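Student: Sequence:
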Amino acid sequence: MLTKFKNTSLYLPAILITALLLRVVFLGSIPSGLFTDEASNAYDAYSILHTLRDQYGEFLPWYFKSANDYREGLYTYLMVPFIKLFGLTTFGARITSAVIGTLTVFIVYHLAKEIFNQKIGLLSALFLAILPWHIHFSRVTFRAILVPCLFCLSLFLFFKSFKQPKWLVASSLLFCISIYTYNSSRVFIPLFLLGLGAIYWEHLWKNRYYTTWALIAFSILFIPQIIYQLSPEGMARANTVGIQTDFNKIVSDYFSYFSLDFLFFEGDPSPRHKINNMAGLYSFQIPLILAGLLLLIKEKTYHKWILYIWLVLYPIPAAFISPESAVRTLLVTPLFAIISGYAVGKITDFSQGIWKKAAIFLLMGVMFANLVIYSQRYVFEYPRWHTDVWLSTLGETISYAEKTSYECIVYSDHVYGTYAYIMIPFFAQMPPSQYQQYGVDVVQNKLDMGRWKIKDLEKLETLNTSCLYLLYGESDRDNPKGEDGEIIENKGYQEKFIHSFKDLNDVERYRLVEIEKKT
1 MLTKFKNTSL YLPAILITAL LLRVVFLGSI PSGLFTDEAS NAYDAYSILH
51 TLRDQYGEFL PWYFKSANDY REGLYTYLMV PFIKLFGLTT FGARITSAVI
101 GTLTVFIVYH LAKEIFNQKI GLLSALFLAI LPWHIHFSRV TFRAILVPCL
151 FCLSLFLFFK SFKQPKWLVA SSLLFCISIY TYNSSRVFIP LFLLGLGAIY
201 WEHLWKNRYY TTWALIAFSI LFIPQIIYQL SPEGMARANT VGIQTDFNKI
251 VSDYFSYFSL DFLFFEGDPS PRHKINNMAG LYSFQIPLIL AGLLLLIKEK
301 TYHKWILYIW LVLYPIPAAF ISPESAVRTL LVTPLFAIIS GYAVGKITDF
351 SQGIWKKAAI FLLMGVMFAN LVIYSQRYVF EYPRWHTDVW LSTLGETISY
401 AEKTSYECIV YSDHVYGTYA YIMIPFFAQM PPSQYQQYGV DVVQNKLDMG
451 RWKIKDLEKL ETLNTSCLYL LYGESDRDNP KGEDGEIIEN KGYQEKFIHS
501 FKDLNDVERY RLVEIEKKT
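Last residue of the sequence shown: 519 (UniProt numbering), numbering continuous.
Don't take every hint at face value.
Each computed DSS-like pair below joins lysine-lysine, with the alpha-carbon atoms no more than 30 angstroms apart [to be verified]:
1. K249 - K166
2. K356 - K300
3. K491 - K453
4. K113 - K356
5. K502 - K491
6. K502 - K403
7. K206 - K160
8. K84 - K459
Have a look at the derived ranges for each label pair, beta carbon to beta carbon [unchecked claim]:
9. I286 - F497: 48 to 56 angstroms
10. Y77 - I286: 18 to 26 angstroms
11. P13 - L49: 25 to 33 angstroms
12. I286 - K453: 52 to 60 angstroms
13. T301 - I354: 26 to 34 angstroms
14. N117 - F247: 39 to 47 angstroms
Since the hints were made in silico from the structure, they are not lab data. Note that this is a predicted model, so its numbers are computed, not measured. We treat Cβ as the ideally placed atom computed from N, Cα and C, and that holds for glycine.
Sequences are here, hints too, so could you generate the full structure?
Tutor: Structure, rendered in structure tokens:
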């Protein structure tokens with residue numbers, strides 16, 4: 001296993017190519033659909049590209065209002081060039097995460113190399129490249145993928161400052177920028193920096209000139225974050241995520257992030273955050289991570305303590321909201337990769353002769369077998385598993401309806417609720433300048449977009465028979481046309497089927513119909 005480490009001209013590119021392929025192959029079709037958060041991020045980037053304003057018409061905002069959850073803007077701005085290259089498509093929306101995920105593998109190589117050596121750097125990069133947890137979020141348009149990338153880069157530059165103290169300023173700036181990536185980083189980064197300062201106070205004091213400038217730079221960049229948190233928008237975001245105050249529940253949720261079920265067997269309960277029958281880490285990593293943590297105690301490098309702090313702090317932001325959230329704790333994935341890589345490096349160092357070759361062969365075989373199993377499940381099973389949570393076929397249905405000549409299209413709010421409003425401009429390819437004129441606001445229930453109108457059918461006294469209707473309803477024996485069909489029938493109308501798409505399980509969830517009064 002990687003027996004010669006003096007030259008990375010072969011190993012590192014091979015690892016990076018593997019990482020990239022695992023993140024881009026079938027990217028436009030797996031996961032099979034597009035979630036509302038993905039569409040919202042992509043359409044905001046599309047709007048910035050064409051108008052320099054977000055979907056609400058705000059000029060280059062720091063935070064994007066989206067569905068009133070005010071998301072950090074850095075990820076959206078990074079999406080802009082990719083939307084320019086690949087268009088407003090599912091692939092175009094997701095490629096940013098794939099690139100960021102692959103770049104993180106490269107950064108982790110340099111970080112682990114700086115802490116330990118080149119061998120462990122390569123092994124750490126290899127583990128992150130094939131880690132299900134990291135692969136999964138590198139293939140969806142969730143801004144949380146930026147957290148491990150920028151955090152690892154910030155930490156790498158901090159370690160570089162031991163040789164060149166000037167890197168303290170750049171490290172400080174990147175740590176602060178990391179806070180603008182995802183809400184969990186607002187808690188984790190400040191806590192981590194307190195630990196960093198406590199461990200390396202001598203280094204910081206010795207280089208107090210650069211430390212002072214680093215603090216000034218961090219403070220200047222951090223002020224807008226404080227102002228935002230105290231603003232109505234910041235409060236709205238806090239209310240959206242639902243911060244817990246029950247101490248016992250917070251402690252219980254904190255320890256849930258160290259459970260074997262969450263890390264190695266069951267994973268996050270949300271089907272959007274994992275594939276079926278697998279957690280974020282491979283089960284074979286259990287002995288590696290335990291061995292790595294024990295072996296680290298005897299490690300001479302002082303940098304080892306920062307890994308322990310990383311491990312202890314990583315669940316804290318998520319514990320204030322819920323247990324077992326893979327997306328809120330994504331920043332720990334490089335750490336588990338580094339610890340696993342460190343353990344393998346030490347095991348192969350301890351082994352000699354035929355035992356060393358046997359250990360290498362066994363470890364490589366186990367890693368390859370687990371990657372094959374994961375890939376098989378991801379490519380062949382996951383697309384059919386919970387197609388509803390990825391809104392599979394909704395995009396095709398909207399695109400089909402947009403090409404029709406109906407003067408109005410009524411979109412039932414049973415189609416994933418009113419928060420799915422953003423799917424319409426995304427798949428209808430609405431020009432942002434036109435969309436902004438509609439004044440769409442989900443909070444104020446302003447949901448008319450030209451001929452597209454999102455309506456609660458049950459609250460309408462009469463139904464417009466000249467419109468095309470996009471309805472939701474998975475048929476069953478007792479209710480063959482679903483809830484929307486039942487509402488239409490109870491109001492004295494009948495459907496005339498126009499078109500629908502079936503998902504990979506041969507299920508029709510969305511359909512286009514005309515309606516007419518019963519005679």
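Student: Work down the list of hints and note, for each, if the structure agrees.
Tutor: So, going through the hints one by one against the coordinates:
1. For a cut-off of 30 angstroms, the pair hint linking K249 to K166 is broken: about 43 angstroms separates their Cα positions.
2. For the proposed pair K356 and K300, the alpha carbon gap of about 23 angstroms is at most 30 angstroms, so the pair holds.
3. Proximity of K491 to K453 is assessed by CA-CA distance (about 19 angstroms); at most 30 angstroms being required, the pair is judged to hold.
4. Between K113 and K356, the direct Cα distance comes to roughly 22 angstroms. Compliance with the 30 angstroms bound is thereby established for this hinted pair.
5. Annotation: proposed proximity of K502 to K491 holds, straight-line Cα distance about 27 angstroms (limit 30 angstroms).
6. Between K502 and K403 the CA atoms are separated by roughly 19 angstroms; this keeps the pair inside 30 angstroms, and the hint holds.
7. Straight-line distance between C-alpha atoms of K206 and K160 comes to about 15 angstroms, which keeps the hinted pair within the 30 angstroms bound.
8. Annotation: proposed proximity of K84 to K459 is violated, straight-line Cα distance about 41 angstroms (limit 30 angstroms).
9. The hinted range of 48 to 56 angstroms is satisfied by I286 and F497, whose Cβ atoms lie roughly 53 angstroms apart.
10. As the Cβ distance of Y77 to I286 is approximately 39 angstroms, the hint placing it in 18 to 26 angstroms is violated.
11. One distance hint, 25 to 33 angstroms for the beta-carbon pair P13 and L49, holds here, with the actual separation near 32 angstroms.
12. The hinted range of 52 to 60 angstroms is satisfied by I286 and K453, whose Cβ atoms lie roughly 53 angstroms apart.
13. Remark: the range hint 26 to 34 angstroms for T301 to I354 is upheld by a beta-carbon distance near 30 angstroms.
14. Separation of N117 from F247 is about 42 angstroms and conforms to the stated range, judged on CB atoms against 39 to 47 angstroms.
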